[in-house]
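Q: If you read the sequences in order, they're chains V and P.
For the first sequence, my numbering gives the first residue as 1, with consecutive numbering after it.
For the second sequence, my numbering gives the first residue as 1001, with consecutive numbering after it.
Please keep in mind that the hints were generated in silico from the structure rather than gathered at the bench.
Each hint should be verified, as a subset may be incorrect.
Unchecked claim - Below, computed lysine to aspartate or glutamate pairings styled on DMTMM-like, alpha-carbon distance capped at 20 angstroms: (1) Lys116/V to Glu1075/P; (2) Lys94/V to Glu56/V; (3) Lys1172/P to Glu62/V; (4) Lys94/V to Glu62/V; (5) Lys116/V to Glu1180/P; (6) Lys94/V to Asp65/V; (7) Lys1172/P to Glu1033/P; (8) Lys94/V to Glu57/V; (9) Lys1172/P to Asp1115/P; (10) Lys94/V to Glu50/V; (11) Lys116/V to Glu1008/P.
To be verified - Not close to chain V: a few residues of chain P, all C-beta gaps over 12 angstroms, as computed: (12) Thr1025; (13) Leu1102; (14) Pro1118; (15) Asp1138; (16) Pro1156; (17) Gly1157.
Cβ atoms here follow ideal geometry from the backbone N, Cα and C, with glycine treated the same way.
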Amino acid sequence: MRARGEQWLDEEAGPIVRPYALIRGRTRSSGDNLDLIAMVTATGSPYTGEAGLVPEEHRILELADRPMSVADIASEIDLPLGVVRVLLGDLQDKGMISVRAPAHEAGPRPNERILKEVINGLRAL
Amino acid sequence: MAYEPSEEPVALKILVAGGFGVGKTTLVGAISEIRPLRTEEVLSDRGIGVDDIDGVEGKTTTTVAMDFGRITIREGLVVYLFGTPGQERFWFMWDELSYGALGAVVLADTRRLTDCFPSIDYFEQRGTPFIVAVNCFDGAEEHEPEDVRIALDLDPGVPVILCDVRRRASAKVVLVTLVEHALRTLTPAAG
């Protein structure tokens, strides 16, 4: 984790712990294909493994207490998307989060009712 | 406590494309809360030669910072706006971004109209509904939308509108025009 209070390194220097150290150098996981707007929700299942969760995984579980998109989670925890996808894949494999693919995977495009609602909502902004 | 929604949340994705410096981020910022997103991507062959990686043995990833915006229509219905990275070497990200997108706004600057050709080709080929929004920069000559349509050789069904991406009201019109267009493509009888 980056020490936010101590600014002896600027952003350009990158995080003190390289992001890929968090995920033990892996770049492939079951989370690879998670859509940016897929919705992640914590299932509330207890952790049963032995290795323990990394702090970032705890943070994801907190954030996903209510459904949250992959993009929002990545932005909140300020880690590269690729790293976040690996963490999400791990949590999904452990049954601790459920991931709901965006509406388009259920059909070609969002339905008419939703689009009309979006149009009205945008006009009302 | 498990979250129990009354209805499954729906997230929709709109892309904002166009040449570098055309106002993509300004448009997203005018209408939504902007959030940063870091991506660290494996360098494609295209990237090599652009990035100077001599002396950085083993460096195979590059960091791409991008912004996205979020508009909450109501609880459980959210629209995300993603700006597509302008430089050609980031085109590998477009496929992911455009997958399942509701539609795209192609921002055009009449002083550099050719900059939006690649975006238009891309969305035409993928069948993604799109509109062209001509950003009227200060000092840029005003053009009629019809002239822009001819210059870009667009299908008659593709909406072309003028806009000022700094203004929220104008950004709203842009998005409404796109979603209305996407709705028309859903119901071909109305086309």
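Q: Keeping to a limit of 20 angstroms between CA atoms, is the pair of Lys116/V and Glu1008/P held or broken?
A: Roughly 18 angstroms separates the two Cα atoms, so the pair holds.
Q: Does Lys116/V pair with Glu1180/P here, judged by a C-alpha cut-off of 20 angstroms?
A: Holds. Lys116/V to Glu1180/P sits at ~8 angstroms (cutoff 20 angstroms).
Q: May I ask you to check that Thr1025/P keeps its beta-carbon over 12 angstroms from the closest beta-carbon of chain V?
A: holds (15 angstroms)
Q: Is the Cβ of Leu1102/P more than 12 angstroms away from each Cβ in chain V?
A: violated (6 angstroms)
Q: Regarding the pair Lys94/V and Asp65/V, is the alpha-carbon distance no greater than 20 angstroms?
A: With a Cα-Cα distance of about 16 angstroms, the restraint between Lys94/V and Asp65/V holds, given a limit of 20 angstroms.
Q: Tell me if the straight-line CA distance from Lys1172/P to Glu62/V falls inside 20 angstroms.
A: violated (33 angstroms)
Q: Regarding the pair Lys94/V and Glu56/V, is the alpha-carbon distance no greater than 20 angstroms?
A: Answer holds: Lys94/V to Glu56/V is near 15 angstroms, not above 20 angstroms.
Q: Are the Cα atoms of Lys116/V and Glu1075/P separated by 20 angstroms or less?
A: holds (16 angstroms)
Q: Does the structure keep Lys1172/P and Glu1033/P at a Cα separation of 20 angstroms or less?
A: Given pair Lys1172/P, Glu1033/P holds - Cα atoms ~14 angstroms apart, limit 20 angstroms.
Q: Could you let me know if the closest chain V CB is still more than 12 angstroms away from the CB of Asp1138/P?
A: holds (25 angstroms)
Q: Quick one: work out the minimum CB distance from Pro1118/P to chain V and report holds if it exceeds 12 angstroms, violated otherwise.
A: holds (21 angstroms)
Q: Looking at Gly1157/P again, its CB stays over 12 angstroms from all of chain V?
A: holds (16 angstroms)
Consistency with the previously given hints fails for numbers 3, 9 and 13, ordered from lowest to highest.
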